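Colleague: Respectively, the protein sequence lines represent chains A and B.
Counting from 1, one number per residue, gives the positions in the first sequence under the working numbering.
Counting from 1001, one number per residue, gives the positions in the second sequence under the working numbering.
Simulated from the structure, these hints should not be mistaken for lab results.
There may be inaccurate statements among the hints.
[Stated by the list, open to error] In silico SDA-like pairs for lysine to any residue, Cα to Cα no more than 20 angstroms straight-line:
| # | chain 1 | residue 1 | chain 2 | residue 2 |
| --- | --- | --- | --- | --- |
| 1 | B | LYS1353 | B | ASP1385 |
| 2 | B | LYS1353 | A | PHE94 |
| 3 | B | LYS1353 | A | LEU21 |
| 4 | B | LYS1268 | A | GLN92 |
| 5 | B | LYS1268 | A | MET93 |
| 6 | B | LYS1094 | A | ILE24 |
Because the structure is a prediction, the values reported are computed rather than measured.
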Amino acid sequence: MTAAQLNDLLTALTIFTLAILVGIAVISKVPATLHTPLMSGANSIHGIVLVGAMLIAAEATEPASQILSLVAVAFATMNVVGGYVVTDRMLQMFRKKPTAPKPATDDAAAGS
Amino acid sequence: MTTLEIVEILVRIAWLVGAVGFVIGLSRMNSPATARNGNLLSAAGMAIAIAATAILILVRQASGTPVAGVAWVIIVLGVAVGGGLGLYTARNVKMTAMPQLVSLFNAVGGGAAALIAIDDYLGLAAGSAVRIDTHIFIVLDIIIGSITFTGSIIASGKLQGLIPGKPIYVPGGQLVTLALAAITVIAALALFVSGTPNLLLMVVILAAALTFGVTMTLPIGGADMPVVISLLNSFTGTAVAMAGFVINNPVLIIAGALVGASGAILTKLMADAMNRSVLNIMIGGFGGGDEAAGAVAGAGGSVRAIGPDDVAIQLAYAQHVIVVPGYGLAVAQAQHAVRELAELLEERGVDVKYAIHPVAGRMPGHMNVLLAEANVPYPQLMEMDDINPEFARADVALVIGANDVTNPAARRPGSPVSGMPILDVDQAKSIVVIKRSMGKGYAGIDNELYTNEKTGMLFADAKEGLASLIAAVKAV
């Protein structure tokens, strides 16, 4: 390993380590009621693997590689799209009951 | 700088913007008010990162880097198929079936991460020297990605009921799991020492890791699945970070590490709420030998059955009612019925609150999602620490399909549930339990709450029981 390669590796490891610490700091503050949406939301984020799948698809020349990258792109897209949509569906439900008709009257006033 | 160099720099900046979107998005999921916005922010970051990647490939192609035309076919076809499946299932899944869908999305994410490493490995020239760090990242990506792929599919199948939810013990199963782990480690070490690509060893590692995912998850009971899914979610994040090292991509490393860390914290929180260690769950806890030793002395007193009409009168003339929903309510899909009952009582001036144990339902916070789906106002959902002091003021505590999380035996040592945080249901002036039978909860022990002299048992399925209560309250 050359010094430059070692340098690159250390840069990547630094990013990795700091991202872990950020993950710990951000997550420990979330209340229990939001844990399921949170798990689902974090689940969508690892769909970022789609970026990697696209990059290997672009370089795929062998049939084996093309099949692998096709499956990888399909899997990763399912993770991204499904993950965000189902998380949004869950979070949509965490809304307050419309108690006062106040917003409605505001709208009516604005409309008249 | 050439156009390609400029674009590559801009794409790296776009990836950084995407990563910032993930971090801020996750932090905005702190509170119900900003959570949805946070998820959208994270989705926007994802869209930016993916669009930038597509532009990068286009510009590379225009600058003469050979990109086969079939590459675009692969990407478009893959996105269409995967996106279509993801969108359809996410839109149409019932909220009670949501945990298994999340597990399935987790499986494909882990699978994609493993495939990237496998592809990279196939591209290494035979006989060439492989740098030790490249080798390690590829092997770790394949191992972790494969375990999470098969493990999440099994977890999803268990929650869906395709595979029996109860722990499946194969004779010598743990030995098989251990042997698989040993094979994986030895094959990986052999690869590292050889320093050259070896397809056979890699196939051995892949097969052992895929099988390990199955044998690891099969013996774990359905009630522990949330913890397992959370753990596997963390694994996938780690696998994606490893894929980032393999193809030298910073946004994969950042996002993967973020999810790896968040999943690990979440797993620990969930296990803590059940008073179990993650290790204990993975080895297969409760069911093993100590079940008999955990039998509680003093249980087995008489049980008082109560009819819906009596319960309706108690509820209708109460001032404060606390509903304690549990797994049974989720299974019977009775969340709409419980909201209907609560609204009837509120019309009569009764104050109704819901006591949500952290692990009620099938995942932490799952009960909140189910009740929110049934339009239960969010402020009525009280977390354990907030509601526990209020039980003493409650005229009636209505327990629907919850068992172990209400067992007072948890306050004493010597029982399998000892030390588990519980809802102080026994403090209420009167207790009504809707339950199908005297069957035991997941811990396999009697619940002392049921033999409490203040407790009346309404033997019914959660949905039917609530329907009869609604009818009876209307008649009061």
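Colleague: Against each hint, give a clear statement of whether it holds in the structure.
Modeller: Hints versus structure:
1. B/LYS1353 <-> B/ASP1385: 14 angstroms, holds
2. B/LYS1353 <-> A/PHE94: 16 angstroms, holds
3. B/LYS1353 <-> A/LEU21: 37 angstroms, violated
4. B/LYS1268 <-> A/GLN92: 27 angstroms, violated
5. B/LYS1268 <-> A/MET93: 26 angstroms, violated
6. B/LYS1094 <-> A/ILE24: 31 angstroms, violated
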